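K.L.:
Can you build the whole structure from these sequences, using the hints too?
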Amino acid sequence: MRHISYMPLWHTLLNKNMRKEDLRIAAGLTTNMIANMRKNKGISMETLAKICDALQCEITDVIELTEDTPEDGK
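To convert a position in the sequence shown, counted from 1, into this note's numbering, add 683.
Keep in mind the hints are simulated off the structure, nothing from the lab. Remember, it's a predicted structure, so these values are computed and weren't measured experimentally. In this text, a Cβ means the ideal position worked out from N, Cα and C, and glycines have one as well. The reader is advised that the hints may include incorrect statements.
Label pairs and their computed distance ranges (CB to CB) [what the hints assert, rightly or not]: (1) M701 x T752: 27 to 33 Å; (2) E750 x R702: 25 to 31 Å; (3) T713 x T752: 29 to 35 Å; (4) D751 x G711: 28 to 34 Å; (5) N698 x T749: 16 to 22 Å; (6) M684 x T743: 18 to 24 Å; (7) N719 x E750: 20 to 26 Å.
P.N.:
Encoded structure:
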């Protein structure tokens, strides 16, 4: 099964010299939204669009689909 990873987002923030708090303010996100992304939990398409607008980037700079590995036990 595949799941969403926000690893591209964390790399994008590093490349732009931004912190998670900077993103939260720029995109109008809540601390819970940031926490959910850190746990690779889903966010709404509206939130995804806000992030892309704030970072002036594409969706692929924010999320990717990854395969579960057998040791994930899923």
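K.L.:
Note whether the CB distance of M684 and T743 lies within 18 to 24 Å or breaks it.
P.N.:
About 20 Å separates the Cβ atoms of M684 and T743, which means 18 to 24 Å holds.
K.L.:
Please test the hint of 29 to 35 Å on the beta carbon pair from T713 and T752.
P.N.:
holds, 31 Å
K.L.:
Regarding M701 and T752, is the given constraint of 27 to 33 Å on their beta-carbon distance met?
P.N.:
Distance hint for M701, T752 holds at roughly 30 Å.
K.L.:
Per the hint of 25 to 31 Å, is the separation of the Cβ atoms of E750 and R702 within bounds?
P.N.:
Holds, since E750 and R702 (Cβ atoms, about 30 Å apart) stay within the stated range.
K.L.:
Holds or violated: the 20 to 26 Å window for the beta-carbon distance between N719 and E750?
P.N.:
Given about 21 Å between the Cβ atoms, the range holds.
K.L.:
Should the hint that N698 and T749 are 16 to 22 Å apart at their CB atoms be regarded as holding?
P.N.:
holds, 20 Å
K.L.:
So the hint says 28 to 34 Å: do the beta-carbon atoms of D751 and G711 match that?
P.N.:
Holds - the Cβ-Cβ distance for D751 and G711, about 32 Å, lies within 28 to 34 Å.
Violated hints are absent here; each numbered hint is respected by the structure.
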